[in-house]
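A.B. asks: Read off the chains here:
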Amino acid sequence: MSESDALDDTGRREFLVKVTSVVGGTGVAAACIPFIASMNPSSDVLSKATTEVDLGGIPEGGMRTIAWQGKPVFILHRTQEQINAMNVSNGGMQPQPDKQRVQKPEWLVVVGVCTHMGCVPNKEGPGWTCHCHGSQYDDSGRVVRGPAPKNLEVPPYRFLGGDKIVIGEA
Amino acid sequence: MKNKIVKWIDHRFPLTSFVKHELTGYPTPRNLSYWWNFGFLAGFVLVLQVATGIFLAMHYKADIALSFDSIQHIMRDVNYGWLLRFMHSTGASAFFLVIYIHMARTLYYGSYRAPRELMWWTGQGLLLMLMATAFMGYLLPWGQMSFWGATVITNLFRATPYFGDQIVVWLRGDYTVGDATLTRFFALHYLFPFLIIGGVVVHLVALHTVRSSNPSGIDLADKDNIPFHPYFTSKDFYGLGIFLIVYCIFVFFFPNLLIEPANNIPANPMQTPTHIVPEWYFLPFYAVLRAVPNLVGGVVAMGLSVMVFAFMPYLDRSRIPGGARYRPWYRAMFFLFAVDMLVLGYVGYVPPSDQTIVVGQAATFFYFALFALLPFASKKEEQWLIRRGLPPEVEALMASEVKEISKFPHRRRSGDKP
Amino acid sequence: MKNFMVLLTLFCFAAPVWGAETKLENIRVDTGTPAIKRGADTLMDICHGCHTLKYIRYSDLASLGIDKKKIDDWRGNQPLDAPLTGQMSDDAAMQTFGKLPPDLSLMAKAREGGANYVYSYLIGYYNTAEGVTGNHIFPETKMPDVLGISGAVDATQRTEIQGKANEVVSFLYWAADPHEEERHRLGYSVIAYLIVLTALLYFVKVRIWSRLK
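Read top to bottom, the protein sequences are chains A, B and C. Here the first sequence stands for residues 1 to 170, numbered as in the numbering used here. Here the second sequence stands for residues 1001 to 1418, numbered as in the numbering used here. Here the third sequence stands for residues 2001 to 2213, numbered as in the numbering used here.
No wet-lab data here; the hints were simulated from the structure. Fair warning: there could be bad hints in the mix.
As the list claims (entries may be wrong) - Once the Cα atoms are required to be at most 16 angstroms apart in a straight line, the calculated EDC-like pairs of lysine to aspartate or glutamate come out as:
| no. | chain 1 | residue 1 | chain 2 | residue 2 |
| --- | --- | --- | --- | --- |
| 1 | A | LYS48 | A | GLU169 |
| 2 | C | LYS2213 | B | ASP1069 |
| 3 | C | LYS2054 | B | ASP1077 |
| 4 | C | LYS2054 | B | ASP1340 |
To be verified - Chain A residues, not near chain C, derived (Cβ > 10 angstroms throughout):
| no. | residue |
| --- | --- |
| 5 | GLY24 |
| 6 | GLY27 |
| 7 | ALA37 |
| 8 | GLN69 |
| 9 | HIS77 |
| 10 | THR79 |
| 11 | VAL88 |
| 12 | LYS99 |
| 13 | GLY134 |
Quick reminder that beta carbons are idealized off the backbone N, C-alpha and C, glycines included.
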């Protein structure tokens, strides 16, 4: 066997080993997918990712708290005075026009979790007060007094025609 | 860059020398056949079971009101939960299949003989831990077979003299197999595989002390050894590929073959299924248990049927090298033993009838008879073989072994008294 | 050695057959979605009155492609992710039958013979001399002949009822293992990949070992 043949042989062998390693490595990586995917929320948890709410029972000026993904969501049926009051300014610590926070001005949908440390604020007069550290929010869910840094989160939601919304889907 | 890091570590930890000495450069007999792949396969299945087990445990609930439902949750709702579950249930059967073949290889080629007795005994210990792990794991789905199988087997501990009844209650944590039993079996089922990993380390340390045997059964000269890498790494990976094909055929296409239909029914303490049967890998020992009409006798016989293997290094008294290759009588006994195990397995599976009871008892007697006969048969066979004359290759090998012994006096010849 | 392996394989296949008592009808389960949907119709019509399917949700039926309006009718004011509970209460069932009708989610796997058993059972009813119905497969059953096979007057009617039974079994087979199709699909890919990989590993092994004199 000549020198070059011997080198070719080694070259081919190394190529074979390389190809096998790549194919094998791909298989190992692919085999990891089911394990990691199994840690994602299971289908029964995902079905709770959206919640349908019937808005019919909430009177003007009234508020309902519903559970969505295990968290409270405030649904406030605002009167015209409340809407006007919210349009006067852009809020306090994190300015944002009220129009950007609602789809229909009479329905405010916000996640009822204080952006400071996660307590659930209480509805008190105009807006909400969080009794853990004294944060205050207005009738648009905007933070007007700290220590909370941000406005109450507006979850993705859409109207299902008539008096229904589904929270969790834009 | 990599070399710098490795050098840094080598100053502080024997990384390179360990890998060279025990893994890549480790001398292995060049004539090892594919029957020597099964130790590596067993290690692989162990890793598979631990991995699938841990991820299953993220979703399983060990409470009698929740466990059956949690398995259905895994099968239906958890992403790839069905895959994890079937991998784990098939993996248990794969584990025993691989281990039984591994043991058969050891028995056939006489790899249990001096100086490898400790390998055989650590292996025996590992087998016992594996059986316990499988038994406890089987209760966890809380199906009809799970419950009644656990009830029958925990009942056997009544055979213990004086404290029998109390031991059963202590084991179960309750008067019957219940929530307490399920919870503790889950805790221990999670623990035991890590004890098994420890046992495997001990088993491998023993291996690296005495080195692998080989199909001829005769200690080979050092020149007949080749480095483990790349020869046996490549061979092991190829064997792994074949194994994975068979394993995946079961996992993806026949996973329910290994699950008793009755285990798809939630456990009902008020109603026993018509036909209680353990998983296939316990069937021969279950048949031995039922063959003896007395409770204590049955339990003792079953225990003995598992433990009797430990005596092999002393039962086999032949000084002919290795195992069955050059020993026709031993080979015949080996195959008769294999057939006997199959007969016992069948008897363990079918509902007892007059015929199967007799067959089971005969097979049990034959099982122990083979072991009892071995000391005499092996000696007689040795004399017969020497009279008849051994094949020239064997005599040459035996002679070269003598030469090697004189060079390395600490190395024993297989069959020599300790 | 080879003979031994052949015997061993044959033995494994023979063993389960020896255990069977009454002969079961061997059917080929129709795993196609249309058959499963028709089976769902029959099941919700006839079986759901007494039997629960606690591991199947209305949303699972929706994922089969069953008409949303039909599902809304079936579930009433229960949410979409509610399980299929039976319509008969446990007390009423105990009073009428003396035992609770078993849950059907896993029935296609929970009996020796699987789908064949369930099918044979459904069409195994016959009229006894006393005028009541008996069942060839499960004589102690308290369940009435809901598909009406014992009262079939001619071959056409009989075939129709057998067709219905087949569809119900198709649905129950799906209900016992909704991921079977996915499992098979993934299985073909995995086995194909492994065959390629094993072939490569074989050639690597042979290459490496050829170095030895």
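A.B. asks: Check the structure against each numbered hint from earlier and tell me which ones fail, lowest number first.
C.D. replies: 2, 4, 5, 6
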